[in-house]
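Q: This is what each chain is made of:
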Amino acid sequence: MKCDIILAGVGGQGILSIAATIGLAAVEQNLFLKQAEVHGMSQRGGDVQSHLRLSDSEIFSDLIPHGGADLIISVEPMEALRYLPWLSESGWLVTNSVPFVNISDYPEVGEVLAELNRAGNTIVLDADGIARDLGSARSGNMVILGAASSFISMPFTALEDAVRKMFGRKGEEVVEVNLKALRAGRDAAAAR
Amino acid sequence: MHKLLLLGDEAIAQAALDAGLSGMYAYPGTPSTEIMEYIQASPQAAADGVHREWSSNEKTAMEAALGMSYAGKRAMVAMKHVGLNVAADAFINSAVTGVNGGLVVVSADDPSMHSSQNEQDSRFYGKFALVPVMEPRNQQEAYDMIFEAFALSEKYRLPVLFRITTRLAHSRSSVARREKIAQNSVALPSNPRQFVLLPAIARKQYRALTAVYEKLRTDDAVDGLNRLKSGNGRGTGVITCGIAYNYLMENIADRAGDYHVLSVGAYPLKREKVAALVENCDRVLVLEEGYPIIEEQLRGLLDRDVKVLGRMDGTVPRDGELNPSIVASALGLRAGQGREVPSLVRQRPPSFCKGCGHADLYQALSEVMAEAGPGRVFSDIGCYTLGALPPYNMVNSCVDMGASVTMAIGAADAGLFPAVAVIGDSTFTHSGMTGLLDAVIKNSPVTLIISDNSTTGMTGGQKSQATDRLESICLGLGVDPDHLKVIVPLRKNHEENKAVIRAELNYHGISVILARRECIQTASRNKKAEAAEKNKSRE
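Read top to bottom, the protein sequences are chains D and W.
Under this note's numbering, the first residue of the first sequence carries the number 3, and numbering increases by one thereafter.
Under this note's numbering, the first residue of the second sequence carries the number 188, and numbering increases by one thereafter.
Treat the hints with care, as some may be off.
[As the list claims (entries may be wrong)] Taking lysine-lysine and the DSBU-like style, the derived pairs with C-alpha atoms no more than 30 Å apart in a straight line are:
#1 W:K721 <-> D:K167
#2 W:K314 <-> W:K391
#3 D:K182 <-> W:K342
#4 W:K391 <-> D:K172
#5 W:K391 <-> W:K342
#6 D:K167 <-> W:K714
#7 W:K650 <-> D:K172
#8 W:K190 <-> D:K172
#9 W:K190 <-> D:K167
[Unchecked claim] With beta-carbon atoms standing in for the labels, derived distance ranges:
#10 D:R134 <-> W:N693: 48 to 56 Å
#11 W:G422 <-> D:P157: 27 to 35 Å
#12 D:A139 <-> W:E527: 31 to 39 Å
#13 D:R134 <-> W:Q534: 25 to 33 Å
#14 W:P577 <-> D:A116: 22 to 30 Å
#15 W:S711 <-> D:R134: 30 to 38 Å
Keep in mind that the hints were calculated from the coordinates and are not lab data.
Here the structure is a predicted model, which means the values were calculated and not measured.
A virtual CB, placed ideally from N, CA and C, is assigned to each residue, including glycine.
Given only the sequences and the hints, what does the whole structure look like? Please build it.
A: So this is what it looks like as structure tokens:
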């Protein structure tokens with residue numbers, strides 16, 4: 003088994019907490035893991051990505067080869083498209099539909115969504131809206147992770163346990179909100 | 188022991204703590220910052236009383252580490268690659284003094300310049316100084332090699348250069364720990380003149396160093412980290428350095444027998460081992476993250492004995508980091524092909540955070556400079572370099588730490604008036620203060636703006652040595668109190684701030700404007716921490 007994931011977003015959107023959640027779960031599942039992050043200048047509102055590789059055998063490269071990713075998880079729709087060169091032919095793309103506009107020449111949102119539809123195996127959902135409806139606007143990340151969960155080679159309960167661990171320090175309330183977001187994402191994706 | 192999930196940087200930090208580290212010295216710089224951050228946050232380091240304060244710059248860090256080594260204890264210093272330029276004087280000479288307690292110098296290179304001004308290769312510095320270099324292949328090896336590095340350092344009484352690159356520094360994997368080693372006790376060097384580099388002593392020690400460097404090649408502590416694996420029959424040989432091995436194996440794991448592979452983890456190389464590879468091969472591909480250092484040595488000046496492939500003949504791109512696809516192409520294998528990036532995808536460069544004080548400063552400065560003329564703002568290394576991008580387009584130089592001040596002096600000498608330098612608070616105490624002293628002595632017609640956000644912002648908000656000290660530093664260096672101004676870069680002060688900047692630009696002498704507002708990232712973190720503290724005390 004191997005599962006190569008590209009995580010995408012804009013610096014400050016918190017893709018690293020998605021990565022950390024999957025990472026925690028992978029360790030508990032006794033999987034091999036490598037996760038390359040971007041620190042430094044790009045974190046200031048630039049495009050950021052993380053290569054996350056899971057396997058039941060030794061992983062060599064920290065970076066995923068072009069055309070080798072099984073999954074792109076993105077918290078921003080245009081950023082999802084930036085990493086298409088890494089996606090394998092049978093790979094899936096799961097992304098938030100809500101654009102993060104901090105540049106003056108951001109393309110027409112309709113065109114971005116149309117391009118995503120052309121990309122094939124795609125799940126696009128309003129993660130921010132789903133999170134807001136749950137009363138936790140900041141849990142959009144976990145909604146996206148939930149929506150992508152069926153493509154990550156581990157049981158859903160492993161991700162739930164990881165969320166408990168990740169947010170445990172912040173109290174039961176925060177844990178519950180994030181678990182709800184995770185499940186809502188999973189359900190929204192399943193409904194498609 | 189329980190495995191930890193660690194960044195390469197964190198693996199190095201944890202290893203040093205487990206290997207009996209007594210002092211950690213560093214100045215923040217991507218991709219090395221997390222080494223010190225990990226040690227500062229470590230309860231183990233606190234319990235063991237490990238010294239772990241940020242230094243003012245890489246040179247002061249290197250020297251303090253050397254001082255701890257002089258006193259017999261193990262010390263580590265960490266920096267980004269360009270930081271080693273700042274520390275170079277101390278670093279090169281530390282090879283001639285040698286060490287007493289083990290001394291490991293971590294230099295984190297940034298090929299492809301993710302967050303840097305160049306992609307210099309620190310391995311050159313190892314050869315330059317004549318010290319051993321270690322280059323781990325993965326996170327586990329980064330952890331294990333730190334133990335070897337300290338042992339080697341104490342065996343030969345030499346500093347060891349520990350070279351990593353961005354992808355190892357900032358990639359996470361699981362790491363198994365070793366048994367902890369106790370710290371050394373204080374012990375003076377057995378030779379009281381070892382650290383006194385008067386010419387007569389230095390000559391003797393340098394000659395000894397050149398002999399030791401040759402001995403290192405064949406010592407198992409170095410050579411044992413270089414693994415030669417022969418393949419079947421004649422064919423292609425591959426030499427990999429550090430993490431390049433992973434990119435090779437990513438491509439050939441299922442047919443590794445087709446290749447002869449020399450995987451390098453330490454330098455200088457044993458000649459016989461390289462010869463053993465070359466003799467079995469029709470051609471040798473060299474995969475190095477960084478400069479073609481081994482490749483150039485293999486080719487030599489004449490480049491005719493061995494068929495060498497690498498960065499110098501275009502088999503591998505001359506610049507930029509390696510990745511699995513580049514290595515596949517270099518091997519003549521079919522590289523994975525993904526889809527094209529749709530044409531509507533736009534560049535998204537980094538930008539100032541919403542509500543950043545630097546942005547308000549540049550807004551005011553750009554309006555005043557519109558009156559003064561273009562091409563007069565010299566800047567420096569930090570978040571405020573983003574003032575070079577639209578909408579401000581204000582920054583005309585960004586070269587190295589502190590160069591804003593001194594380039595403005597030189598331009599003013601040439602007759603450019605007004606000349607403005609924009610530097611951050613932490614960069615100013617790193618390398619700007621000496622330049623300001625030059626300006627004071629000459630009374631250069633320069634306006635120095637210190638954009639003081641009271642933190643080291645770009646690297647994630649480390650403590651700034653400048654906090655609460657800038658006025659006294661500037662006055663102490665001799666800045667005229669009438670031309671030392673403080674402004675608060677906020678929208679509501681816009682006109683007032685412009686007036687202050689305009690007045691100082693018109694002054695024919697050195698003036699300093701402190702534009703002071705806390706970094707909004709640090710401010711929001713502090714606020715959250717305070718709230719959490721309050722919640723706790725309520726419980």
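Q: So which of the earlier hints does this model not fit?
A: Checked against the structure, the hints that fail are numbers 3, 4, 11, 15, while the rest are satisfied.
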